[in-house]
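Protein chains in written order, with my numbering: chain S, 220 to 331; chain Z, 350 to 758.
Please note: incorrect hints may appear among the correct ones.
Facing chain Z, according to a computed beta carbon distance under 8 Å, are these residues of chain S, among others [what the hints assert, rightly or not]:
hint: 1; residue: Asn261
hint: 2; residue: Tyr265
hint: 3; residue: Arg266
hint: 4; residue: Gly267
hint: 5; residue: Tyr270
hint: 6; residue: Leu274
Derived Cβ-Cβ restraints for the label pairs, each shown as a range [what the hints assert, rightly or not]:
hint: 7; chain 1: Z; residue 1: Ala741; chain 2: S; residue 2: Lys236; range: 34 to 42 Å
hint: 8; chain 1: S; residue 1: Arg301; chain 2: Z; residue 2: Asp756; range: 28 to 36 Å
hint: 9; chain 1: S; residue 1: Glu269; chain 2: Z; residue 2: Val405; range: 46 to 54 Å
hint: 10; chain 1: Z; residue 1: Gly532; chain 2: S; residue 2: Ile253; range: 29 to 37 Å
hint: 11; chain 1: S; residue 1: Ile326; chain 2: Z; residue 2: Arg602; range: 35 to 43 Å
hint: 12; chain 1: S; residue 1: Gln258; chain 2: Z; residue 2: Asp756; range: 42 to 50 Å
hint: 13; chain 1: S; residue 1: Asn298; chain 2: Z; residue 2: Asp756; range: 47 to 55 Å
hint: 14; chain 1: S; residue 1: Gln258; chain 2: Z; residue 2: Glu738; range: 50 to 58 Å
hint: 15; chain 1: S; residue 1: Glu269; chain 2: Z; residue 2: Ala741; range: 18 to 26 Å
hint: 16; chain 1: Z; residue 1: Leu537; chain 2: S; residue 2: Gln258; range: 22 to 30 Å
hint: 17; chain 1: S; residue 1: Glu224; chain 2: Z; residue 2: Gly536; range: 30 to 38 Å
hint: 18; chain 1: S; residue 1: Ile253; chain 2: Z; residue 2: Leu537; range: 16 to 24 Å
hint: 19; chain 1: Z; residue 1: Thr685; chain 2: S; residue 2: Ile253; range: 57 to 65 Å
It should be emphasised that the hints constitute simulated quantities derived from the structure, not laboratory data. For every residue, glycine included, the Cβ atom is placed at its ideal position computed from N, Cα and C.
As a plain string of letters, each chain reads:
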Amino acid sequence: MKKIEAIIRPGKLDSVKDALGTHGVNGLTVTQVIGCGKQKGNTQVYRGVEYNVHLIPKVKIEIVVMDKYVEEVIQVITNVARTGEIGDGKIFVSNVENAYTIRTGAIGENAL
Amino acid sequence: MDTGDTSFIMICTALVFLMTPGLALFYGGMVRKKNVLSTLMHSWIVIGLMSLQWIVLGYTLAFGPDIHGIIGGLNWLGLNGVGVEPNADYAATIPAIVFMAFQMMFAVITPALISGSFAERMRFPAFVAFMLLWATFVYDPLAHWIWGVGGFLRNLGALDFAGGNVVHISSGYSGLIAALVLGKRKGLGKESMAPHHIPMTVLGAGLLWFGWFGFNAGSALGASGLAGIAFVNTNTAAAAAALAWAVVERLHRGKSTMLGAASGAVAGLVAITPGAGFVTPLSSIFIGLMGGTICYLAISVIKAKFGYDDALDAFGCHGIGGTWGALATGIFATKTINPAGNDGLFYGNASLLGIQALSVLITVVFAVVATFIILKVIGLVMKLRVSDEQEAVGLNLSLHGEDAYPDFI
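Generate the whole structure from the sequences, applying the supplied hints.
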């Protein structure tokens, strides 16, 4: 099992979620996050006082899938979330040791 | 007695009341979220404090029988003798108790205006003491000088229709002193102090604008044509100042902001307050345009140059806007609008401008000196400012034990 963490543009959340759904991925966790990378921040001015905001709002999607689906999920996210501009985001993949479904007690890949 | 006038002034009283909760929201949206409740409290608790202070002591100090032009006598302590009979000295057609209530709402909002200057760093007990002492030793005498029969600024011929001197100049300059005495917020210029909820501020500005119709039109003290003129002038100046701020900001910084347009409206309302019942609607346009522009420059340019931390611009809006309004009254006042007023500079009477300037100067000197003394005296008895740790945690939690926006559940 792998965990896929995709940090994407907030405006891309709905289309990524829909695209994943058509590929059979129906379970995911979404978090509002802020962060910085290559994308420049923005400047805000309140009553003449300027603030440079470096931490930009993004959305983080977490999905845990069987190893064989990892490539496909990454492909879907990449296709939908890409604009070609700086700031499209990152995807991280890591190993997951085990999984449990709280209601049924299912373990491992059965729990996904 | 006139039932129309009485009902009009009671409605205006309620309108002016609403300005203080409006001010709470206007200021509350501009602070960081960890301090929003403390900022709302500053206005809300003042409603409680001043409502009682005014009934017990404030009203008689401000409007009681004159003592040497300086202060009202204690004849009406606890509203003794203030009842349904009109007091012809102030408003011959409405019950004295209604006039008292209308004036009470002015006494409520004025100290609350100051709180914008020292937001995010004042201890609550020191705040309460400051508000009570300031109302008693600054607001009440000043209201007597300008509005009280026999008050020396009134006798001098200074015009202040709805409270430019008494409300805005006094609170604005007092705020500047309070900001200087308390010192800057920690991290100013290094950490972000951006407003946490501009829609809240816009809601507050809207309530202020709405309530200001009662503030200015009600100051005609009757449901009269003069009230109608003050009503129109109020809206005109607010509209002009909101536009002026948005335009100047765009020319200066490239974008018009919502916070700026809301601030501009308030600056315009402040600027028209002293002249609302003395000038024409066309003059109100100019007073508003200048009010928005001058306050923008004071807040965006002058404040940065001098570096004082008037956190929410109580001085920039009310001190500067009020000063401009008082002087503008000396320029644009005309007897064709209000025969009980006077002609200003543009109508051939330069002396009124001099009198207005003198009344501003006296108000400023008095407010500045008295505020400084009051804060120093309170400082001898208790700490004025929260500890560094309390400030870092935020005043919601450290002073009031509450969280404005709990993250979970």
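Verification of the supplied hints:
1. Restraint check, Asn261/S versus chain Z: the minimum CB separation of about 12 Å is more than 8 Å; hint violated.
2. For Tyr265/S, the interface hint holds, the least distance from its beta-carbon to any beta-carbon of chain Z being 5 Å, beneath 8 Å.
3. Restraint check, Arg266/S versus chain Z: the minimum CB separation of about 5 Å is within 8 Å; hint holds.
4. Satisfaction of the interface hint for Gly267/S is found here, the shortest Cβ-Cβ separation to chain Z being roughly 3 Å, below the 8 Å cut-off.
5. Below 8 Å, beta-carbon pairs count as interface contacts, and Tyr270/S has one with chain Z at about 5 Å; its hint therefore holds.
6. Taken as an interface hint, Leu274/S does not check out: its beta carbon lies about 10 Å from the nearest beta carbon of chain Z, beyond 8 Å.
7. Roughly 39 Å separates the CB atoms of Ala741/Z and Lys236/S, a value that falls within the hinted 34 to 42 Å.
8. A C-beta distance of roughly 32 Å is found between Arg301/S and Asp756/Z, which places it inside the suggested range of 28 to 36 Å.
9. Checked against the hint of 46 to 54 Å, the C-beta distance between Glu269/S and Val405/Z comes to roughly 47 Å, which is consistent with it.
10. Checked against the hint of 29 to 37 Å, the pair Gly532/Z and Ile253/S passes, with Cβ atoms roughly 31 Å apart.
11. Remark: the range hint 35 to 43 Å for Ile326/S to Arg602/Z is contradicted by a beta-carbon distance near 59 Å.
12. Checking the proposed 42 to 50 Å range against Gln258/S and Asp756/Z shows it is violated: the Cβ atoms sit about 26 Å from each other.
13. Between Asn298/S and Asp756/Z the CB atoms are about 34 Å apart, so this pair departs from the stated range of 47 to 55 Å.
14. Checked against the hint of 50 to 58 Å, the pair Gln258/S and Glu738/Z fails, with Cβ atoms roughly 35 Å apart.
15. Range check, Glu269/S to Ala741/Z: Cβ separation about 23 Å, and the 18 to 26 Å hint holds.
16. Separation of Leu537/Z from Gln258/S is about 28 Å and conforms to the stated range, judged on CB atoms against 22 to 30 Å.
17. The hinted range of 30 to 38 Å is satisfied by Glu224/S and Gly536/Z, whose Cβ atoms lie roughly 33 Å apart.
18. Between Ile253/S and Leu537/Z the beta carbons are some 23 Å apart, a value that agrees with the proposed interval 16 to 24 Å.
19. Our hint of 57 to 65 Å for Thr685/Z and Ile253/S holds, since their Cβ atoms are close to 59 Å apart.
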